[in-house]
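S.K.: Now for the letters of each chain:
There are 2 protein chains.
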Amino acid sequence: MPQKKKNIAIIGSGLVGSLLAIYLRKHGHDITVFDRRPDIRNIKFSGRSINLAMSNRGWTALRAVGIEEEIKKIGIPLDKRAMHVVGQPEYYQKYGKEGEAIWSISRGVLNKKMIDLAEHAGVNFRFNEKVWDVDLPEAKIFTGETEKSEWKEYRYDIIFGCDGAFSRVRHKMQRRSRFDYSQDFIDVGYKELTIPANEDGSHKLDKNSFHIWPRGKFMLIAMPNLDGSFTCTLFMPFEGDVSFENIKTKPQAQKFFATYFPNVMQVMDDLLEDFFKNPTSAMVTMKCYPWTYWDKVALVGDSAHAIVPFYGQGMNAGFEDIFVLNQLIEKHQNDWEAIFGEYQVSRKPNADAIAELSYRNFMEMSSKTADPKFLLQKKIEKRFAQKYPEKWIPAYSRVTFSNRPYAEALALGDAQEELMQKVMQLPNIERLWDSSEVENKILSLLAE
Amino acid sequence: MPQKKKNIAIIGSGLVGSLLAIYLRKHGHDITVFDRRPDIRNIKFSGRSINLAMSNRGWTALRAVGIEEEIKKIGIPLDKRAMHVVGQPEYYQKYGKEGEAIWSISRGVLNKKMIDLAEHAGVNFRFNEKVWDVDLPEAKIFTGETEKSEWKEYRYDIIFGCDGAFSRVRHKMQRRSRFDYSQDFIDVGYKELTIPANEDGSHKLDKNSFHIWPRGKFMLIAMPNLDGSFTCTLFMPFEGDVSFENIKTKPQAQKFFATYFPNVMQVMDDLLEDFFKNPTSAMVTMKCYPWTYWDKVALVGDSAHAIVPFYGQGMNAGFEDIFVLNQLIEKHQNDWEAIFGEYQVSRKPNADAIAELSYRNFMEMSSKTADPKFLLQKKIEKRFAQKYPEKWIPAYSRVTFSNRPYAEALALGDAQEELMQKVMQLPNIERLWDSSEVENKILSLLAE
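In the order they appear, the protein sequences are chains A and B. First residue of the first sequence: 1, per my numbering; consecutive thereafter. First residue of the second sequence: 449, per my numbering; consecutive thereafter.
Hints in this document: simulated from the structure, not taken from any laboratory. Note that the Cβ used here is the ideal one computed from N, Cα and C, for glycine as well. Mixed in with the good hints, there may be bad ones.
[To be verified] Pair ranges (Cβ atoms, derived):
1) B/Ser815 with A/Asn7: 44 to 54 Å
2) A/Asn7 with B/Val534: 32 to 42 Å
3) B/Asp583 with A/Asp180: 22 to 32 Å
[As the list claims (entries may be wrong)] With a straight-line cut-off of 27 Å between C-alpha atoms, the simulated DSSO-like cross-links for lysine-lysine are:
4) A/Lys148 with B/Lys826
5) A/Lys130 with B/Lys588
6) B/Lys588 with A/Lys172
7) A/Lys140 with B/Lys620
8) A/Lys152 with B/Lys744
9) B/Lys492 with A/Lys130
10) A/Lys140 with B/Lys596
11) B/Lys744 with A/Lys248
12) B/Lys453 with A/Lys130
13) B/Lys542 with B/Lys827
14) A/Lys148 with A/Lys172
15) A/Lys172 with B/Lys596
16) A/Lys140 with B/Lys578
17) B/Lys696 with A/Lys148
18) A/Lys130 with B/Lys578
19) B/Lys492 with B/Lys561
20) B/Lys453 with B/Lys779
21) A/Lys277 with A/Lys250
22) B/Lys588 with A/Lys148
23) A/Lys152 with B/Lys665
24) A/Lys172 with B/Lys735
25) B/Lys796 with A/Lys217
26) B/Lys796 with A/Lys287
27) A/Lys441 with A/Lys378
28) A/Lys152 with B/Lys735
29) B/Lys665 with A/Lys348
30) B/Lys870 with A/Lys422
31) B/Lys620 with A/Lys148
32) A/Lys172 with B/Lys620
33) A/Lys172 with B/Lys600
34) B/Lys735 with A/Lys348
35) A/Lys287 with B/Lys735
36) B/Lys620 with A/Lys287
37) A/Lys152 with B/Lys596
38) B/Lys561 with A/Lys148
39) B/Lys600 with A/Lys130
40) B/Lys696 with A/Lys296
Use the sequences and the hints to build the structure in full.
M.R.: Shown next, in the form of structure tokens:
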């Protein structure tokens, strides 16, 4: 059956919008991408970005549309965490098995590249055009200078909302009855900072590591860029003892970094300027349902499921949406009602799962990393996983280095956790943690 | 300290908006109430109302502002449920102790009365004036014919959003960062139906009862009106075997009522007309936070916390908001930042608690009423409560016939449930349920 050509609008020229455009062009559809912002290729960046960690799911989606190698050129593989713990020398934690890595990519660099690729594929971009309203049953969009100015009306066959966590398209769906929706902010904010390159363009820290300076309730991370710099992110509570609220002056900021991050501070040339120039951003978990309206409108990526960034899966989850959508386009051919129906039913549990996993990682980082029992448990799990890699795949590996559903990773991780709770009840576990007794206990529980 | 007169706008002339207006007038403020709809006193009603069940919290709020007696005149006390179970004669369940009752009041009749009372108190009403935007820090509202027409701008000292579950005022707060929000629809819808009065104006069913026809996944209820009629509500799943979706024609509706409600059907004169004329409405639990913006804007009632109607507490919770707000106005005098701060902190846990209790009642009604174990547990609790009324106050009584915080009712109810789980583990509980053994077990668990 020949594919019927559709006239499709994509709202949002971010990573998800531009990748979806590339995919849909391959199916021969006419694609117009609207974005309320100017072309990212012509502007300087916002100072509110966390570097991306592309992992298996992201690469899978890029590979299937033939642009994996192109994108790998602008990424840097990170095969380990570099831990900068107070009072200890820097040490490393491998992410996975030999050859497994996540890739650090600058959001801006990647987005520019993706828009280039989409444009080459024949996608039409309309930047600086703000969508204010959407007519869902008619698949119409209305754009204009302001909400109250004269609007221009466009009619399409299909509209995709790829316009992020605060999606205008979803906003319209949300006003309908029986649309479930939630947005939950965490009490921690983040701020972008920078470690510039050495004069010779080399990196000031190990460039194949994800650098972490954990400090209990707050932490600093750094991810490398191609130009030798690192994009750093400071995560810290908005309010409270040590908080963004309590750092209002340059001397306060100076003292904060000197106290908690004395070494890294020395390599951040514009630290104090950046700290006060860059915004403090909030993080939200956003869930909603349904994601589609008949065969007319669908939400993809953050507009359908925004998550906190502590599992490094936001973009990967969005790209996987597109990969799945593409499989369904091939399966159901022209039947967009079937495509959208199966898309939302199959993706929703996985989106909820990665939201949960990401939120739990945040809770772990902020409250459990100082708990000796928790750290001991992690040590036992790690030891066991290294000895029996086929019997114990950590949730992190399932999420990061596989394409199995997120919901499966969550369920199997919960089962592992339940098992470990029993192991941690063993008398003298603190002393016996690396004994064969503990090992056999895990083996027998796994066999049950 | 003399109260400083404020110029206050209330958005929404519903029950909460008009009661709040009466309260604030008593404090000497200038009050303007805006409503996008016409004056309810001049229009016929929507066919989408569930009769109200005014209980203790509602009466407390009306009493404190001196209008309890006035409103009692338009209500009918219901001291019991009248159960219409298939294959059994009608039977009654008393709600509480002697003299305890909930009051059936028509939403329309009550709202008209409240607006009359507010107008007499000097409140200024602006009907048919649609608020499209709110400037939170400046406490400005913008009204106009449509979202895109010319707008009129008003500036106030304080704005109250009493504009219901789909509040425009909250909508504006929601677009700000760090505003938590959720809306969750249940899969059951409702439809208003009517049992008219007898020719002599008397009621066709016992008028001091809340009538229930439970049928598992769906049910019909009826509440009396002053004019001899009953407002009935059919609750039924939107989709599925027996569902609104599957009743599309008059013969289908005829068959449905003849099968499940043969007796009541005979007294509903316009049943089939009403069924297709009246809309099928959805029910939502809406939570959000914060409820206030500085000392400028506050949400009250459904705009802050919409709940499903299965505990009969929606209006009561909104009126209690106002009662608490009034206490805080007296406590903090002119300090509206302190008033709003304490208001949201003290009310939020109680709003969450009644949302949870209401949702659980819905779940109980739709899934547990056919579970013999659950029914046995309720029978044991009831027997014990009758014998030891001071030792066992049912959650229903705490919610309905007390002014203690909803959160306390939820917590104590959970403790009772935990205790009863132990009781239900007793061997032969089915046989021993009314024995002194079971009674003593409860007494000893309570003593722990």
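S.K.: Look at each hint and say if it fits the structure.
M.R.: Here is what the structure says about each hint:
no.: 1; hint: B/Ser815 with A/Asn7: 44 to 54 Å; verdict: 46 Å, holds
no.: 2; hint: A/Asn7 with B/Val534: 32 to 42 Å; verdict: 55 Å, violated
no.: 3; hint: B/Asp583 with A/Asp180: 22 to 32 Å; verdict: 30 Å, holds
no.: 4; hint: A/Lys148 with B/Lys826; verdict: 58 Å, violated
no.: 5; hint: A/Lys130 with B/Lys588; verdict: 25 Å, holds
no.: 6; hint: B/Lys588 with A/Lys172; verdict: 24 Å, holds
no.: 7; hint: A/Lys140 with B/Lys620; verdict: 24 Å, holds
no.: 8; hint: A/Lys152 with B/Lys744; verdict: 36 Å, violated
no.: 9; hint: B/Lys492 with A/Lys130; verdict: 41 Å, violated
no.: 10; hint: A/Lys140 with B/Lys596; verdict: 17 Å, holds
no.: 11; hint: B/Lys744 with A/Lys248; verdict: 25 Å, holds
no.: 12; hint: B/Lys453 with A/Lys130; verdict: 43 Å, violated
no.: 13; hint: B/Lys542 with B/Lys827; verdict: 14 Å, holds
no.: 14; hint: A/Lys148 with A/Lys172; verdict: 17 Å, holds
no.: 15; hint: A/Lys172 with B/Lys596; verdict: 16 Å, holds
no.: 16; hint: A/Lys140 with B/Lys578; verdict: 25 Å, holds
no.: 17; hint: B/Lys696 with A/Lys148; verdict: 41 Å, violated
no.: 18; hint: A/Lys130 with B/Lys578; verdict: 25 Å, holds
no.: 19; hint: B/Lys492 with B/Lys561; verdict: 15 Å, holds
no.: 20; hint: B/Lys453 with B/Lys779; verdict: 16 Å, holds
no.: 21; hint: A/Lys277 with A/Lys250; verdict: 11 Å, holds
no.: 22; hint: B/Lys588 with A/Lys148; verdict: 17 Å, holds
no.: 23; hint: A/Lys152 with B/Lys665; verdict: 48 Å, violated
no.: 24; hint: A/Lys172 with B/Lys735; verdict: 19 Å, holds
no.: 25; hint: B/Lys796 with A/Lys217; verdict: 26 Å, holds
no.: 26; hint: B/Lys796 with A/Lys287; verdict: 22 Å, holds
no.: 27; hint: A/Lys441 with A/Lys378; verdict: 16 Å, holds
no.: 28; hint: A/Lys152 with B/Lys735; verdict: 36 Å, violated
no.: 29; hint: B/Lys665 with A/Lys348; verdict: 26 Å, holds
no.: 30; hint: B/Lys870 with A/Lys422; verdict: 24 Å, holds
no.: 31; hint: B/Lys620 with A/Lys148; verdict: 16 Å, holds
no.: 32; hint: A/Lys172 with B/Lys620; verdict: 14 Å, holds
no.: 33; hint: A/Lys172 with B/Lys600; verdict: 25 Å, holds
no.: 34; hint: B/Lys735 with A/Lys348; verdict: 22 Å, holds
no.: 35; hint: A/Lys287 with B/Lys735; verdict: 14 Å, holds
no.: 36; hint: B/Lys620 with A/Lys287; verdict: 19 Å, holds
no.: 37; hint: A/Lys152 with B/Lys596; verdict: 14 Å, holds
no.: 38; hint: B/Lys561 with A/Lys148; verdict: 38 Å, violated
no.: 39; hint: B/Lys600 with A/Lys130; verdict: 25 Å, holds
no.: 40; hint: B/Lys696 with A/Lys296; verdict: 25 Å, holds
In the structure shown, a violation is registered for the earlier hints numbered 2, 4, 8, 9, 12, 17, 23, 28 and 38, in ascending order.
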